[in-house]
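Engineer: Here's the letter readout for the chains.
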Amino acid sequence: MIDIIRQKAKELLESKKVDVVIGYGKGTLPNRTTPIFITDPKDVDKLEWNEYCLNDLAVYLRHPSLKKYAKKAIIMKPCDVKAVVDLLQENQIDRENVFIIGVACDGMKDFESGESLAKCLVCSGHNPSFCDEKIGESKVPDLPILAEFADIEKYEQMTPDERWDFWKKAFSHCIRCYGCRAVCPLCYCDRCIVEKTIPQWISSSAHEQGNLSWGIFRAMHMAGRCIGCGECERVCPAGIPLTLLYKKLKKEVLEQYCYEPGKDPDAEAPMCHFTKNDSEDFIR
Amino acid sequence: MKIVEKNRLNELMKAVLDSGKVLIAPVKEGKTSRYEAITDPSKADLEIPITKMSIKEHFLPPTECILIYEKQGDEIVMHDPEPPKEDRVIFGARPCDAAAMAIMDKVFTWDYQDSIYLARREKTTIVSIACDSKQPSCHCEDVGLSPMTREGSDVILISLDANRYWVEPVTDKGKKLVELWGNKLSDAPGAEKKSIPEPKKLKPEDLDKLFESPKWAELTMKCLGCGVCAYVCPTCHCFDIVDEENKEGGGTRRRNWDVCALSVFTKHGGGHNPRPEQWERYRQRLMHKFDYYPEKFGCIACVGCGRCVMACPVNMDIFDILEKVKSE
Amino acid sequence: MSTQTEAKEAATNKGTFEPKIIAFVCNWCTYAGADLAGTSRMKYLPNVRIIKLPCTGRIDTHFIIKAFEEGADGVLVSGCHPGDCHYTSGNYHARRRFAMFRELMDFLGLEMDRLQFSWVSAAEGAKWTQVVDDVIKKVQKLGPNKKFAGLKHD
Chain P
1 MIDIIRQKAK
11 ELLESKKVDV
21 VIGYGKGTLP
31 NRTTPIFITD
41 PKDVDKLEWN
51 EYCLNDLAVY
61 LRHPSLKKYA
71 KKAIIMKPCD
81 VKAVVDLLQE
91 NQIDRENVFI
101 IGVACDGMKD
111 FESGESLAKC
121 LVCSGHNPSF
131 CDEKIGESKV
141 PDLPILAEFA
151 DIEKYEQMTP
161 DERWDFWKKA
171 FSHCIRCYGC
181 RAVCPLCYCD
191 RCIVEKTIPQ
201 WISSSAHEQG
211 NLSWGIFRAM
221 HMAGRCIGCG
231 ECERVCPAGI
241 PLTLLYKKLK
251 KEVLEQYCYE
261 PGKDPDAEAP
271 MCHFTKNDSE
281 DFIR
Chain B
1 MKIVEKNRLN
11 ELMKAVLDSG
21 KVLIAPVKEG
31 KTSRYEAITD
41 PSKADLEIPI
51 TKMSIKEHFL
61 PPTECILIYE
71 KQGDEIVMHD
81 PEPPKEDRVI
91 FGARPCDAAA
101 MAIMDKVFTW
111 DYQDSIYLAR
121 REKTTIVSIA
131 CDSKQPSCHC
141 EDVGLSPMTR
151 EGSDVILISL
161 DANRYWVEPV
171 TDKGKKLVEL
181 WGNKLSDAPG
191 AEKKSIPEPK
201 KLKPEDLDKL
211 FESPKWAELT
221 MKCLGCGVCA
231 YVCPTCHCFD
241 IVDEENKEGG
251 GTRRRNWDVC
261 ALSVFTKHGG
271 GHNPRPEQWE
281 RYRQRLMHKF
291 DYYPEKFGCI
301 ACVGCGRCVM
311 ACPVNMDIFD
321 ILEKVKSE
Chain E
1 MSTQTEAKEA
11 ATNKGTFEPK
21 IIAFVCNWCT
31 YAGADLAGTS
41 RMKYLPNVRI
51 IKLPCTGRID
61 THFIIKAFEE
71 GADGVLVSGC
81 HPGDCHYTSG
91 NYHARRRFAM
101 FRELMDFLGL
111 EMDRLQFSWV
121 SAAEGAKWTQ
131 VVDDVIKKVQ
141 KLGPNKKFAG
151 LKHD
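Protein chains in written order, with the working numbering: chain P, 1 to 284; chain B, 1 to 328; chain E, 1 to 154.
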């Protein structure tokens, strides 16, 4: 499959259809891959494709360092494509400036442990749909989307006190590195709310109150948008189960508004729109 | 020099607890690992090659109160926070972690004696366990240290053989702790003291000329500017000062970890940013560690632990980049 | 016994805690409804502190978090009925936002009786007093909000 990817990248660069190909290259640690940017067709052999291509490269479509490249080709797993769909929906990128090379994926593995990523075990889409070029085919069966939410049930069944203790402990280790924000393709605000000091809504200090405040805020900003790439949780040095929190809201948005993020760039973003009949059983 | 059996380390940790000291040891939690205060020695995981978070947070916490102010009538009264009362022992640090403390000490005793940091240092005894194996991410030897570096440790445990450690006190604090352990340690008559290779002396290199290299932008293009590298780093020490008010009109002044990778790190109140591009910020981090700090304090502000390389979401490898910038 | 009397009796018992409820209300409907309750001399429990905003659509979820952090035992959010919003659609947006926020808070472990929502129009002075008394009673049963207040921040 890597030969087809390299060939396609070469074609796109030689024909000047794109100025850069964003893909995965060899990293400096065992199993590690790293994002690379190919501009010269002779360099396409640096592109790699294996079960350790973890990064969600969509984060580079709006990255300031790549602004100089007007047209970008990007190598994407089917899950990562959802981020591009969200970015299109939110008018953050132009469709004609992005060439999506969708690569079929059998599931990715953790660099250090070699174990399958948790999100891959409940994947509902191993083959790319929304893309400009499809490469490869995965025979791994797609699970229904509800499989993603299986681990939430355990927490929904806890008492409120048990849940509070769990999240308080989880966020107490947060060091406010903002790694979660940096790797997220959808956290693209030029000025983040945590940098606002007049007034200050979220304390910048890494104490329990500041950390939970940040956690809540980010979760609300991800409602209806998070596509579950899991990069935030992978990068978190404190091991906070962030995807669990964002998935809960993804489940609610699906149940209440029949909306799944990352599917249709022309769909209406759920938190920016409404219907007259939205549920309001919690309002007296 | 005394020795201890490798399977008796729990007893050493228990002795620390029984003497009324706080015991801090490496623990694994899910996908991450850190040094935490524990009351049960069996919770310590001394097999972790290198923890994700370093011992730095026990001397320079991610957030720390440095001043308390209160309104008393028409007056504002200020006072210092309570200094730490308990003695602590960090058991199971890696020699690179301990060496990092010696490096940080230089800036915290430079033009100002940072009493809050120094109080924690004074109350803490660091027991390192020398590394028997090298990880792919380890670079201690590239920065003039070794898997058995003693600097910064109060006691260091070095493998004598598969079952036993040499217990070497490095400082007076370390000697006191070895005395406390008493007969849990034993003699090893006839055992050959392992010849510990001296770390290769690094010739100080003047890297000033790297500042103008045209390679920075290309080598650092993928950096997302998060800050994880500096936060897991045992020698990075920059902090921000904030005031947090309470309802009664008083409050605390705090210092919080800060990182030069963030664009707001150098953003001026007027909007100007002297380091507007990410490559300029990455250059700053690398130059600070390998050029400016050595110029001022005579030592590289890096211990080669490799945590930054492991933790970086996009595999920014500071050693790889340094080599590439240096090469013609 | 009416809810009002029950609640008052509970409140005047010695040792019962007096909750602090913050109410974020919209200017055009609920605030006017609360005014009506006042001009009609309706009696209701005093534990609620009102913050007036132009519209429920203006209410950022972080206003609610801040209220809890600063010591509120309960938060009430109230605005115009769907279809009656002075700004046409502010409350429709708010409805979705609060639905998600409520699920998030529930998942984090906040007791749901501490976070309540209502539609109260400018003509519903009586409803306002009932809603407020009910919220206060429910929060009284739960006790002081130790969860947010108990988060370390100094």
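Keep in mind the hints are simulated off the structure, nothing from the lab. Be aware that a few hints might be false.
[Claimed, not checked] Over the 12 angstroms line for every Cβ pair with chain B, so calculated as not near, a few chain P residues:
1) I36
2) T39
3) K42
4) Q89
5) C120
6) N127
7) Y178
8) Q200
9) Q209
10) V235
11) E255
12) D281
[Stated by the list, open to error] Some residues of chain P that are not near chain E, with every Cβ distance over 10 angstroms (derived):
13) S15
14) G25
15) D43
16) E48
17) E115
18) Y155
19) I198
[To be verified] Calculated lysine-lysine pairs in the DSS-like style (CA-CA distance at most 30 angstroms, straight line):
20) P:K68 <-> B:K106
21) B:K14 <-> P:K169
22) E:K127 <-> P:K169
23) E:K152 <-> P:K154
24) B:K123 <-> B:K106
For glycine and all other residues, C-beta sits at the position ideal for the given N, C-alpha and C.
Engineer: For every hint, state whether the structure bears it out.
Structural biologist: Structure-based check of each hint:
The claim that P:I36 is not at the interface with chain B is violated, since a C-beta of that chain comes within 12 angstroms of its own (minimum 7 angstroms). Some Cβ of chain B comes within 12 angstroms of the Cβ of P:T39; the nearest lies about 10 angstroms off, and the non-interface call is violated. Against the 12 angstroms criterion, P:K42 stays outside the reach of chain B, whose nearest CB is about 16 angstroms from its own CB. Listed as a non-interface residue, P:Q89 keeps its Cβ farther than 12 angstroms from every Cβ of chain B; the least gap is roughly 22 angstroms.
Every beta carbon of chain B lies more than 12 angstroms from that of P:C120, the smallest distance being close to 15 angstroms; the non-interface claim holds. Distance to chain B confirms P:N127 as a non-interface residue, since its nearest Cβ pair spans about 26 angstroms, more than 12 angstroms. Annotated as non-interface, P:Y178 brings its C-beta within 12 angstroms of a C-beta of chain B; the closest such distance is 6 angstroms. Chain B draws P:Q200 into its interface by the beta-carbon criterion, the shortest separation being 9 angstroms against a cut-off of 12 angstroms.
Annotated as non-interface, P:Q209 brings its C-beta within 12 angstroms of a C-beta of chain B; the closest such distance is 10 angstroms. Listed as outside the interface, P:V235 is inconsistent with that label: its C-beta sits roughly 4 angstroms from the nearest C-beta of chain B, within the 12 angstroms cut-off. Taking the minimum C-beta to C-beta distance to chain B, about 28 angstroms, the non-interface status of P:E255 holds against the 12 angstroms cut. The Cβ of P:D281 sits about 36 angstroms from the closest Cβ of chain B, beyond the 12 angstroms cut-off, so the non-interface label holds.
In this structure P:S15 is separated from chain E by more than 10 angstroms, as the shortest Cβ-Cβ distance comes to about 45 angstroms. Consistency note on P:G25: stated as away from chain E, and its beta-carbon is indeed over 10 angstroms from all of that chain's, at 38 angstroms minimum. Distance to chain E confirms P:D43 as a non-interface residue, since its nearest Cβ pair spans about 45 angstroms, more than 10 angstroms. Taking the minimum C-beta to C-beta distance to chain E, about 39 angstroms, the non-interface status of P:E48 holds against the 10 angstroms cut.
With a cut of 10 angstroms on Cβ distances, P:E115 stays outside the contact zone with chain E, its closest approach being about 27 angstroms. A cut-off of 10 angstroms between C-beta atoms contradicts the statement that P:Y155 is not in contact with chain E; the least separation is 7 angstroms. Look at P:I198: its CB is around 15 angstroms from the nearest CB on chain E, clear of 10 angstroms, so calling it non-interface holds up. Of the supplied pair hints, the one linking P:K68 and B:K106 is violated, its CA atoms being roughly 42 angstroms apart against a limit of 30 angstroms.
For the hint pairing B:K14 with P:K169, the CA-to-CA distance comes to about 26 angstroms; that is within 30 angstroms, so the pair holds. At most 30 angstroms may separate the alpha-carbon atoms for a hinted pair to count; E:K127 and P:K169 exceed this at roughly 40 angstroms. Annotation: proposed proximity of E:K152 to P:K154 holds, straight-line Cα distance about 27 angstroms (limit 30 angstroms). Between B:K123 and B:K106 the alpha-carbon distance is near 18 angstroms, which keeps this suggested pair within the 30 angstroms criterion.
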